[in-house]
Amino acid sequence: METYGNESLREAFGKALIDAGKIWNNLVVLDAGTKNSTYSQKFQEVFPDRFYTPGINEPGMVGAATGMAMAGKRVVACDMSVFLHHAYAQIRAAARQGSDMHMIIAATHTGVAVGPDGGSAHDLTDLARMRLVAGFNVITPWDGRQIRSVLQVILEEKGLYYVRLNRPKVPLFLPEPAPFELGKAYKLSEGERVTIIAVGDKVYNALIASEELGKGFADVIGVSTLEPLDSDTIIASAKKTGKVITVEDHLYIGGLFEAVAGVLVQHHPTPMRRIALDRIFTTSGDPDELAEIYGVNTAAIVRMCKEFVG
Amino acid sequence: MFKIPIEELTKKAYNIRKNLIELMYRSGSGHLDTSLSLVEIWISTVYSDFFKFDPNNGAWEERDRIFLSEGHACPLQYCVNAELGYYPIDDLFNTFRQPESPFQGHTKRSLKHGFENSNGSLSIGLWHAYGHALATDRYVFCVAGDGEFQEPSSQSLLFAPFNMKPAPNFTLLLNYNRLAQDNMVDLGPIADVAALYNWQVLQVDGHSFQALGEAFQQAIKDTERPSFIVCNTTKGKGGAIEFAGKLGHHGVPPKGEEEYKAYLAGLEAGRQK
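In order, the protein sequences belong to chains A and B. All letters in the first sequence, in the order written, are residues 1 to 310 by the numbering used here. All letters in the second sequence, in the order written, are residues 1 to 273 by the numbering used here.
Distance ranges between label pairs, derived from CB positions:
hint: 1; chain 1: B; residue 1: E62; chain 2: A; residue 2: M1; range: 53 to 59 Å
hint: 2; chain 1: A; residue 1: G98; chain 2: B; residue 2: D137; range: 22 to 28 Å
hint: 3; chain 1: B; residue 1: E62; chain 2: A; residue 2: E181; range: 36 to 42 Å
Since the hints were derived computationally from the structure, they do not count as laboratory data. Ideal placement from N, C-alpha and C gives every residue a C-beta, glycine not left out.
Okay, chain A solo, but in the shape it has when bound (with noise of 0.2 Å):
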């Protein structure tokens, strides 16, 4: 598969903001004491009016960030995802104040794909957490081209908005402009013997496995919006194919595994399997290295695909 290079998704994103910057005014960012790694120094430093940080207070920066969008500001708050436990009232509260309102959490740092930090800072829930805050729209995108397409859509539309990213340099393999349209799901590859669904960069990891496993073999669904879900994209294709297998760089639980046995288990129950990580707490290590420790790289997306389908 054709790519263009590697960019890390927080890096995609802070470059992003400096455009958005540009074109929207009233586009505020804050960060909570981690702007080097959100890459949310870069908007500072072109727009340094309209950055704001109250150090490092998660609380205060959502409550901030909340505030601020009730005034009518576009309002970006970025965090390393790990620390937006310390603000999980705060994110409650924002979506309690309605959704006639401008503002997007951007976490980076996320799954195991941290990397040598360990399990203190590997985010492996934020899907879960945030999936169950009403009013949230949760956003996986895939690629750093993606992020640009994520970003303009987000900041037309009022709305509350997680953005999921995270801290490696992945590939860029999407075209340019890059498909993006919230709550759609986008079928990437067609086969006829199984469906892979992925969110994130794991969308790369399942299109390379699909190649491996040859041509017809595999349907791939791309998610870039987790909540709300595509059901309807999901459903046809576990009906064609009779086998689904999820793949995410998180918990199996609350995350996309457990998002698509929701909506498969009410319309079309189908066998499924999982590229997850189990309920643990997980390791220092090299990115790569711990994605085949914890069977979430594209090998163990191959080697499912063919025990389950046989």
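Chain A is fixed; fit chain B onto it per the hints.
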């Protein structure tokens, strides 16, 4: 200082307390004692001569804002906004704490009704208000409870002018009645700490219109710093005399006709002073 004479404000305070007692007696739930401790503070804010709003256009961009962070005091907000003309008081009495009512057990944001923020869980609304103040040039006042300041994220607001950005258009009104749900509250040197972190700190009798009005005028005159006004109050003020300032009545409405009458007797006694 105020849009109307203090004698008129005093009458309004009496009527609002009466409505609060009636409302919570009839509904059988709600936080009466906290609401009673805030009557003069809230009235003083919305009747201050500088404070602009339009009950017929709650979302008016140029309005000044009053946020309620200790959301359980929302019955007071509901009674005052009826008095201001946002909606008929009957709407409140007919639907308070009922399904889909705009008058929920804790405030649900509705600009049409003059409710700036959804609240409930403590220590959150004051950050909403501070962020809001950074994003507007209008005055933003925020009512917060003393118990609420036991939450670390409330305490961290004190650092905000120092290490985030000063919002001189922001005024925090601390309802210092020294009683929380299950215990007494002593915030120690909080006023001194706030001053060190670049707040204009004022301490007033939270039941004196004169003192509150003067403090608010001083708050808006400071164009460099936000203001932190410690309002010394009595929980249950103007209600049942034997309950006022005592533990054990948080969120407890008058039970039975005898307690209801005790509240009304306390109200009348307060009026004659």
